[in-house]
Structures are given as C-alpha cells and as structure tokens.
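Protein chains: 6
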Amino acid sequence: MPVIRVTLIEGYDEAVRDRLLEGYSAVTRTVLEALPEGITTVIEEVKQSNYRRGNQRKSPKAPPPAPEQLVRDYLGAMEKRDLAAARALLAPDFSMVFPGNAKFTTLEELIAWAKPRYRWVGKHYDRYDTVPGMTEAVVYCFGTLHGVWPDGSAFSGIRFIDRFTVKGGLLQDQMVWNDLDAVIRAVS
Amino acid sequence: MPVIRVTLIEGYDEAVRDRLLEGYSAVTRTVLEALPEGITTVIEEVKQSNYRRGNQRKSPKAPPPAPEQLVRDYLGAMEKRDLAAARALLAPDFSMVFPGNAKFTTLEELIAWAKPRYRWVGKHYDRYDTVPGMTEAVVYCFGTLHGVWPDGSAFSGIRFIDRFTVKGGLLQDQMVWNDLDAVIRAVS
Amino acid sequence: MPVIRVTLIEGYDEAVRDRLLEGYSAVTRTVLEALPEGITTVIEEVKQSNYRRGNQRKSPKAPPPAPEQLVRDYLGAMEKRDLAAARALLAPDFSMVFPGNAKFTTLEELIAWAKPRYRWVGKHYDRYDTVPGMTEAVVYCFGTLHGVWPDGSAFSGIRFIDRFTVKGGLLQDQMVWNDLDAVIRAVS
Amino acid sequence: MPVIRVTLIEGYDEAVRDRLLEGYSAVTRTVLEALPEGITTVIEEVKQSNYRRGNQRKSPKAPPPAPEQLVRDYLGAMEKRDLAAARALLAPDFSMVFPGNAKFTTLEELIAWAKPRYRWVGKHYDRYDTVPGMTEAVVYCFGTLHGVWPDGSAFSGIRFIDRFTVKGGLLQDQMVWNDLDAVIRAVS
Amino acid sequence: MPVIRVTLIEGYDEAVRDRLLEGYSAVTRTVLEALPEGITTVIEEVKQSNYRRGNQRKSPKAPPPAPEQLVRDYLGAMEKRDLAAARALLAPDFSMVFPGNAKFTTLEELIAWAKPRYRWVGKHYDRYDTVPGMTEAVVYCFGTLHGVWPDGSAFSGIRFIDRFTVKGGLLQDQMVWNDLDAVIRAVS
Amino acid sequence: MPVIRVTLIEGYDEAVRDRLLEGYSAVTRTVLEALPEGITTVIEEVKQSNYRRGNQRKSPKAPPPAPEQLVRDYLGAMEKRDLAAARALLAPDFSMVFPGNAKFTTLEELIAWAKPRYRWVGKHYDRYDTVPGMTEAVVYCFGTLHGVWPDGSAFSGIRFIDRFTVKGGLLQDQMVWNDLDAVIRAVS
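Chains as they are written, first to last, in my numbering: chain A, 1 to 188; chain B, 189 to 376; chain C, 377 to 564; chain D, 565 to 752; chain E, 753 to 940; chain F, 941 to 1128.
Mixed in with the good hints there might be a few duds.
Said to hold, decoys possible - If you only want the chain F side, here are some residues facing chain D, beta carbon under 7 Å, derived:
1) 986
2) 988
3) 989
4) 990
5) 992
6) 993
7) 994
8) 995
9) 1089
Unchecked claim - List of simulated lysine to any residue pairs, SDA-like, C-alpha gap at most 25 Å:
10) E/855 - F/1063
11) D/731 - C/398
12) B/291 - A/183
13) A/58 - E/808
14) E/919 - A/57
15) B/291 - A/146
16) F/998 - A/49
17) B/246 - B/203
18) B/249 - A/37
19) E/810 - A/60
20) F/1043 - E/808
21) B/246 - C/413
22) F/1001 - D/602
In short, the hints are calculated from the structure, not lab data.
Every residue, glycine too, gets a C-beta built ideally from N, C-alpha and C.
Chain A extracted, bound-state conformation:
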C-alpha cells in the first residue's frame, strides 16, 4: 500500500535510479508483503541549486558500479586469467577464504593453491543476490563448476557459492564454498 517518494538531486543516470526504485520496491514487498500493485515508488528530482543541507549545496559524486556488476567484472577477469584487471577491483586488504578454510591475500596464492586441484575450472552462475547495507554491500552468487581434473577427466555440475563484500567500489573479501571435496570423496 505504501507510496515511497524520494527527493533526489537531478543528474543520476537512469540505471542508478532504476536500482533505487527496484531496491525500495523490494524492501517494501519483503517487509510488508504488500501486494506488488499497491507499492508505488517515485523519484522526485530537484535541481542541484534547489537542494541544501546545513545551508550548503551538495555535489553528489558519481555512484560506484552496482556491487553485482563489480563481482561479475571480477569473476570475468579471473575466468580470462586477466589478473591485472581482477586486481584493480580489489581493496588493498582484500582477503579470501576457500574450502578447507584456506586463506589467501593475493591472487597468486590462490592460483598456487588451486593448481593441484584441477587443470582448469569454469563456472556457470545460477543467480546473483545483492544484500544492501549501510557500511558495505554483500554479493552472493552460486551455480556449478565444470572443468578438468588433474588426471584429465572432465567434471561438471559441482555446486559452489561465492560471497563478496563490496565497499567503495572495491571488493573487500571473498568467501567460497563448494562441493569439490564431496565429489572427490564420493568417487574415491
């Protein structure tokens, strides 16, 4: 039933405004379980000169890419083994935790660790989920792994899930869970 109106300084591009409207709609739907057609969301844009806080004009900075996009870019770069591009998306204190509680802080460590596990691996993504937050956003994505074992045999359909913390347009950390060990145990 609610009507959500947002007063916004004009100038944000449509994709950003879309994400706001989607986000407000989803929050409302989730919290109230209101009928979708009863949820109205509106952005009311005002000129920059028509807005002040503390009697000061505000110059909104360009918002960062959507957290999901950032994660997609990172995962794409990793899949193409474009480490430079991937690294550019990482916060200085980026850290990773992989199955078996394996912890890394550099992509090189990760690659070294993975080397004996498979010759190569690819990912099919079933879905991305973004958790909005005041201090950071979280992006989950899950799907299945496919690739080639060290012995040259192929595998596919192995479930995985990644969790990324995103802040200030950079990835803060990555957590990974998957069924690789379960599959190996099952076949061994």
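Since the structure of chain A is already known, use the hints to place chains B, C, D, E and F on it.
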C-alpha cells in the same frame, strides 16, 4: 543526499517500521554511496480511513515475521530436534540441497542422510544476510559447525553456509554448502 | 497512476474525508481513465496549530451537509408535506421551473399549480448525481412518478428528472422535467 | 485550506492537467466549502522512468476526450445529421430513452420516431454539467428547443434536458426529457 | 504562492512550532513579496521512531529560548540590577561595546563606567528585531532612555539601540548606541 | 533534523531561490538549534500551468531586489552624492531620524543638517543584517565613520548603525545612531 518519505497506513508495529527505514537507508547507501548522514528516511503514517486505492479503502494484513527471524526459528527448532515446530515453517513443496548435491524434500530424509556423517552437529552463526525481493526474499547465514564424528572425536570450526528462500512467511527451499568433506579428506 | 495527497487541517469527520477521497478518485478516473487500482488518494491531516496561510492560523468552519443529502432532505420534507422543514433548506431567492416553463418562487405557488394535475404524487429515485463546482454544486436526481390522477385512477412509472443548484448549504433553484404531459397526451 | 498535490507521470497535455486541477478544486470547494483562495492544487510531474508500481514502469495511455466534449461532438453531428460521425461515438450497446418512455437502440429508430413530431428541431444549450465517476462519467446538458412543427409553424424556447453516460471514450446511453408535450397540450 | 512543508519529529511545543511557521512565512514574504494569503506553511510531525538520518534515530534536544526572549530576560535582570540572573545568560567570553567605543567584558566594568553618566536609567522598548542565522542569531532592540542625570534633573525620550549576538542559548556580545552625548552636547 | 520542502512556481532566478533556502535554513537553525547537517531544504519547482489557487492560475510577479541590496544601493548613491539615484529608492513618505532626534523627510534637509557637522564623511560597513517580516523587512548595517571635521582634521573609527525599513522595493524610513557626539565630547 536523498530524502525518502513513505506514506504508510498507520498500525504497523515499530519493528516493521524499523525494518522499512533500515531497508530504504541501506538501498540508498548501497546504490548512491551517499554519505550516511545525508540519507534521511521518514515514514508518514496516515489513518486507514485517509487512504484509498481505486477509491477502495485498504486493510493491510499483518506482515509476516522478518525472513531472518523465520530462518532463525527454523534453525533453532532443528537444533532442538523439534521437527514439528520446524515443519510448521516449511512450504508444502519445500526442498533441500546438501553437499554432494544431496536432495531431500522431508526432514526425515535429511536426518537419515546425516546420521552416518556425525553423531551430532551444532552451528555457530557469524552473520545473517537478507536479500529483499519482489517475489521472495533470500536469507543467507554462515558460520562454523561443531560436533562429534561417528568415531566419537570432536570437531569444530568447520565452515558452512545456508541459503533459504522465504515467501509468504514460509521457507521455500534450503541450499547448504560446507567444508565437512574437505576436512574429512584433509584428515584422512 | 497518479498519487493524490491532500494536506488537511485535522478535525473533519470521516464522512467529509470520505467524500473528498471519492471525489478526487472520481475526477482522476474520469480525466485520465487511469486504471482504478493505480489511483492512490491520501489525506495527510495536520494539527490546526501546524498550518498557516499568510502567517495566520485558520479555523476551518464545519462543512455543510453533502449537496445530495440536502436535496434528499428537501424532497423528503416535500413528500411528507412538511413545508416548514422544506422551506428551511431554501435560499431566500429560491426559484423553480416546472414543465411547461411554469415558474414559482414559493412552495405555495407550486402546490396551487400542481393541485389540478394530480391528487397526489410520489417519487421513486433511480439515482442521484452530484456535480462539484467552485461557486455552487449541482445535484440531479431522476426516477419515476407514481400517484393518482384527478379522476381517481392510478399512475406509475412516469419518468422525471430534477436539477438543484446548491450553495452555502441551501438550495438555490430547482428545475423539473417529466413525462406527465406525454403520458396524458398518449392516453387522451 | 487544503493543499492538493498530485504526482503524475509527465506527458499529459495541458488541457488534461487543467481538467485535473479544476476537478480537484471543485471537489474540495464543494465538500469543504473552503474559501476558494485557500484551495491550492499542484501537479508534480515526474519522468516516466522515475515512477514504478509493483516495481513495474507504467506507460499511461492517452486519456480520452473530456466527456463533455464527446457529448458536444455527438450532438453536433446529430444536428448536422452526420449519422456516421454520431454513430462512431456510440458504444455497441448504446440505448436511448425519450419522452413518453420511448426507447431506441439505433439512430434510425430515433429519427423515425421523431419524424411526425416536428419538421426539424435545433437546440440552444444553457449549460453542460459533468459528473465524474469511477466506472463512468455522466454529462448533463439542458437548454431550449426551437424548430418547426409539422404544420409549418415555428416554436422556440421549449425546455429540454439530456443525460449521457460516458465510458471509455464512448456514449453508453442517452436519456431525454423535454416540454414538447406540455407545450402541445397547452396550445391544443 | 509557495507552499512550505516541514517534516519535523513530533514533540516540539507549540511556541517553537509557531516560531518556525512565522519564520518561514516571513522569509517567503520578504524574498518573493508573494501575497500573504498565497503563502501556506505546514508542519508535518512524524513520530521519532519514524525518522532516521544515516539509519540512526535522532533525539532532538530541547531548543533554547527564543533569542528575543533571552535578550528580554537579560535586560529585565539588568534593570532590576539582578546581576546574578543577568550573568547566567552570558557566554564566557561575553563582551560589550558602548558609546564612545567603551569596551567591557564584565558587568562590573559596565556599571563603574556608567556611574558618573547618570544616577539611574530605564528603557522603553519600541521594538525587537530578530535576525535568524546559521551560526548565531542577532537581536536588535531600540527605544528611548529615561532617568536622572547626576545633577538630579530628569531626562527622557533619548534614543538608544542595542544589538545582541545570541548562540547556544547565551548572549555572545552586546553593542550599544544612543543619543546621550548628543543630548548632553545640545543642552551644554 | 527537519526537512523543509517548498513548492514553487518555476521561473524564479537562482539568486532568489538561494535566498529562500538560506532563509529557511537560518530560521530552522535559530529556532531549533538543530545541527546544520540535519537541516535539509529543498525547492520543488512546478510549471505555472501545474499550480492553481482557488482554481485560478497564478502569475508570480518578479520579486523585488533583496532588501540588503536596496540599502547598499541607496548608501552607495548617497556616498557618491547621486541624490537622484538615492531618491528613486525612497518611498513617498520616507522619513529619517538622526542622532539627537533630528528628523527629516528630504535628502536636502539631511544634507543641510549635516553640513556644519563635518566636511565629509565615509562609511566602512562591518555587517548587514536583514530581518524578514510579513509586512516589511528591516535591514541593519553598522560599522565606522571616517571623514574630516569642519576644522580640517581627520577622524575615523567612529561607530555608527543604520536601520532601514524596506517594503515593496522601496525604503520606508531610516534611523541612525552614532558616536560622533560622544567623540566630540571626549575631545572637547
């Protein structure tokens, strides 16, 4: 910078209104990366008699529990092995996927499958994340498992993550990933 | 699609607020042909002390009865031949025009004119229509007449329509059209 | 005293917005009898991309002509005996009721019925009244008839009133009352 | 013409809300020279729990007395020679400038300086003016002095003006101009 | 904490809108002592065709210059002895009161009165203060006088204050206080 105002029929309890304000704040922060102190959120409550859609008064139904709470309740009931209480929170077509792509539709199947894996297991939760959505919400929680192996030895600190789809106040499905197999492989 | 919000000093009773919401809904529907479920109307009540025009507080006077109610009251009083009650609802310069362009300014003139036309007459109302306006409202009502002719025979189902101008809680004028003459001609 | 603000997707032409503002002003004046200068009406237009209901963008369809205009067009076409133009404005199940309870569903029936009543007839309109509504609008117009009797003598100043139901840009029905019979009786 | 609406956490007393509405009205009138009856000001109060900035609830502190009231209190205390009461209204670094550029920081200095100028002095106030500001408010008051010269003769009607800076509920400084010297010169 | 939103017919230039936002910010800060960063002010401009009062469109007249600017222009013209320019800014019944209660209604009277007091005088302005009001604005300015005495010796640093009433883009009156007599007495 934005001001988000929500026109709401009065009568929602404070916890529900809190969740709306938190949600709108988080969406705004995540999408715009606006400074937190520049994000103002306001609920403007109106009497039920002062609101119409299509010239009809609306009687907002009581919103369901927060998705996170639903998941906490379910996990708590499972931990206490209160299957009746747990089952009451499940949608009729509830389904589960556990490590190794083990699929179940009843709690009995799950319990039977788990029996040879450990004598008992408990969970420490590091964090819950809720993803709002128009058709369903998603709740993630992750942390560590502790318990006793079949051979009577103890384990702890084994990473896990659960993903629940929540809709209409019921859990639709559960997906689980954990490091149990990785740990078993490592020690075997 | 539109959202119509009305800032109103609190204190108007529910029936008055209902009529506002109905009126705004109907105007919107009629002008835009928007889908009804897309038309949201909201009254936002504020304390009298929280409203000023020209830096003056305003004390809204009690609104008059709905124009339709005024007409119903008048017609009811006339049907009961309670001339005093009927007269109390008429503006000082009230005037009437009846079929054949018969014009009156007093109820006595009307009664004298009607006397030879029928022994008595009653009305069945099919519908009332109210036309809102800045200077006056107009109320139409139509239906059928039934009664007894001068010769003692009965009649019924004779179409009529009344038009009243309403202003300041009083009827300003009445215009009447009906099929009495058409019926008389048809049977004669 | 009230302030009426309407959030509207931009793109409606000025005449449509004028009719909204007039309608809201008139409803407010009629219901509250507020002083006209205390009634403020405002349309706040937002970009189509800044509005969602149920997280869906909405594309407002072009609103139909004003009901009064539709009636004027119909009556004009009938006066010019442009039956094709008149017929184009009628709903498929259009029906008419004329004095003496004469009922028709086609213009041809009407014309046949009217033929013996007068050689020709014209109308002077004193006023149009529109009644907004959720399911249909009603347009009343009244004034005087002038023309030529079958015997070649002229008449004028004979009162009439028409009532049209308008929906979806088409006329649904017409009801007519007039003093023709009263005048004929008076002179015969 | 403008409509000024203020979203305010509920709980401010009526006098405070009055001053807001008066202030917004006066600013609008002064800047736009809009007709007073076209200036609508409204406070829309919301529950404290319905307002967040940066996802934090806010607890508005009780506002200080009106700057004009503070000045009146101070001048009243000085007239009654209640130095303790007067001193309680002064900021720690309060300073004064009197005619002839006489500067003081304590009330004792002021009294010592004034002693040879008159036996006693009283003030009639013609008007108070308050200048709102982001960092401080300024209060002006002017009128006439009356009293008794050192020689025992009376005086009255001598023009003066005081200017006070007010901040945080305390007086920051006082500037005084008057015609005492002009009058003395004129009579000497 | 408050959010102040102003619905304004579009077309006012930026300087005017700036003064509105500054004024509302300052009133809010002064009355509530709210933290500056918690005071949000927004102008929501609407097309002239989207605004009606009493069902009438409004054509806002161009607002007059800021009262402070008017005073600056007047004082500048007087300093340049451009009496025609100065006079053009005065209301027909403009009046002045100078030290010693000297009252004038024409600039010529003022000049005649000042002639024996100094050969010439200039002003340094420390600050302008504007007091908004419903019927008139008040502008205060103060600072120091410098110039040349009748005997040819120079003076400077002599405190003064002016008070102007401004209405309808004209100065209504001027009140002046200064230390000239105090200084003369001190040196004599």
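Check each numbered hint from earlier against the structure, then list the numbers of those it violates in ascending order. 2, 9 and 20
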